[in-house]
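Undergrad: Sequence:
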Amino acid sequence: MISWKNKKEIFGEKDLQQSVNLTLEIIAKYPQIPLPSYTLRALMKQILVGINALHSQGLVHRDIKCDNILLHSPHNSGRVYVKISDFGFAKKQVLTHERTYKIGTIPFMAPELFKKPPLYTSKVDIYAAGVVILSDMPNIPRPEEIKDDILWNLLSKMLDFDPIKRITASEALQHPYFTSPVAHTDISPQIDYQKIHSKGQRERIKE
1 MISWKNKKEI FGEKDLQQSV NLTLEIIAKY PQIPLPSYTL RALMKQILVG
51 INALHSQGLV HRDIKCDNIL LHSPHNSGRV YVKISDFGFA KKQVLTHERT
101 YKIGTIPFMA PELFKKPPLY TSKVDIYAAG VVILSDMPNI PRPEEIKDDI
151 LWNLLSKMLD FDPIKRITAS EALQHPYFTS PVAHTDISPQ IDYQKIHSKG
201 QRERIKE
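Residues 1 to 207 (the numbering used here) make up the sequence shown, in order.
The hints are simulated quantities; they were obtained by calculation from the structure and are not laboratory data.
A few of these clues could be false.
In silico DSSO-like pairs for lysine-lysine, Cα to Cα no more than 27 Å straight-line [said to hold, decoys possible]:
id, residue 1, residue 2
1, LYS116, LYS92
2, LYS157, LYS91
3, LYS157, LYS147
Simulated restraints, written as ranges between beta carbons of each label pair [to be verified]:
id, residue 1, residue 2, range
4, SER170, SER37, 21 to 29 Å
5, VAL182, LYS92, 32 to 40 Å
6, GLN174, PRO36, 21 to 29 Å
7, ALA53, LYS147, 25 to 33 Å
8, LYS115, LYS92, 18 to 26 Å
9, SER37, GLY58, 29 to 37 Å
10, LYS91, LYS165, 17 to 25 Å
11, SER56, ARG79, 22 to 30 Å
Every residue gets a Cβ at the ideal spot worked out from N, C-alpha and C, and that includes glycine.
Given only the sequences and the hints, what does the whole structure look like? Please build it.
TA: In structure tokens form, the structure reads like this:
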């Protein structure tokens with residue numbers, strides 16, 4: 001199990017507690033919120049950086065989903081950063097089959113988790129991250145509508161049914177989607193938080 005100390009070191013949870021406003025679910029819930037390509041690229045990279053940090057500690061999150069991806073805006077910074085939360089299911093990576101209960105949230109669970117016994121490796125987090133991007137955010141086109149071949153190539157590697165062939169977080173971060181000249185121009189730690197935040201506030205007032 002990941003300790004609070006490690007969580008703070010890897011993901012800045014202490015600061016996160018004080019200044020988080022929304023989860024990534026706000027984007028999924030309100031498709032009218034614009035999600036430009038550069039914002040998508042920045043979100044994807046930050047999610048993978050967080051997952052890679054976790055995996056480098058030999059840990060698997062096991063419940064990556066929109067509700068557990070927080071949008072963190074430091075006070076008066078005008079910037080938004082992705083933070084991974086809820087480490088209740090996190091555990092040391094299992095490299096071989098182990099008899100255990102299924103852990104996770106459908107539809108974010110990788111295919112190998114439905115085997116008997118389920119197989120838990122770091123690859124389950126990669127699959128879940130791919131589902132977050134592709135399926136749980138209505139701003140993202142359906143697979144057949146994706147015109148960006150490089151984006152689709154990355155997603156197909158993240159969503160490979162075979163965990164052995166599935167890309168790692170470290171490999172994903174070296175993918176052309178993040179390393180091409182266009183990507184370097186696009187990617188910034190700053191995300192337009194004002195539109196997301198103001199829309200979320202209005203909807204909460206209505207509710």
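Undergrad: If a hint holds in the structure, say so; if it does not, say that too.
TA: Right, here's what the structure says about each hint:
1. LYS116 <-> LYS92: holds, 20 Å
2. LYS157 <-> LYS91: The hint holds at about 24 Å.
3. LYS157 <-> LYS147: Holds - the C-alpha atoms of LYS147 and LYS157 are around 16 Å apart, at most 27 Å.
4. SER170 <-> SER37: 21 to 29 Å: Given a distance of about 23 Å, which is inside 21 to 29 Å, the answer is holds.
5. VAL182 <-> LYS92: 32 to 40 Å: holds, 38 Å
6. GLN174 <-> PRO36: 21 to 29 Å: holds, 24 Å
7. ALA53 <-> LYS147: 25 to 33 Å: The hint (25 to 33 Å, Cβ to Cβ) holds, given that ALA53 and LYS147 are roughly 31 Å apart.
8. LYS115 <-> LYS92: 18 to 26 Å: Between LYS115 and LYS92, where Cβ atoms are some 20 Å apart, the hint holds.
9. SER37 <-> GLY58: 29 to 37 Å: holds, 34 Å
10. LYS91 <-> LYS165: 17 to 25 Å: holds, 24 Å
11. SER56 <-> ARG79: 22 to 30 Å: Roughly 24 Å apart at Cβ, these two residues keep to the hinted range, so it holds.
The structure shown violates none of the earlier numbered hints.
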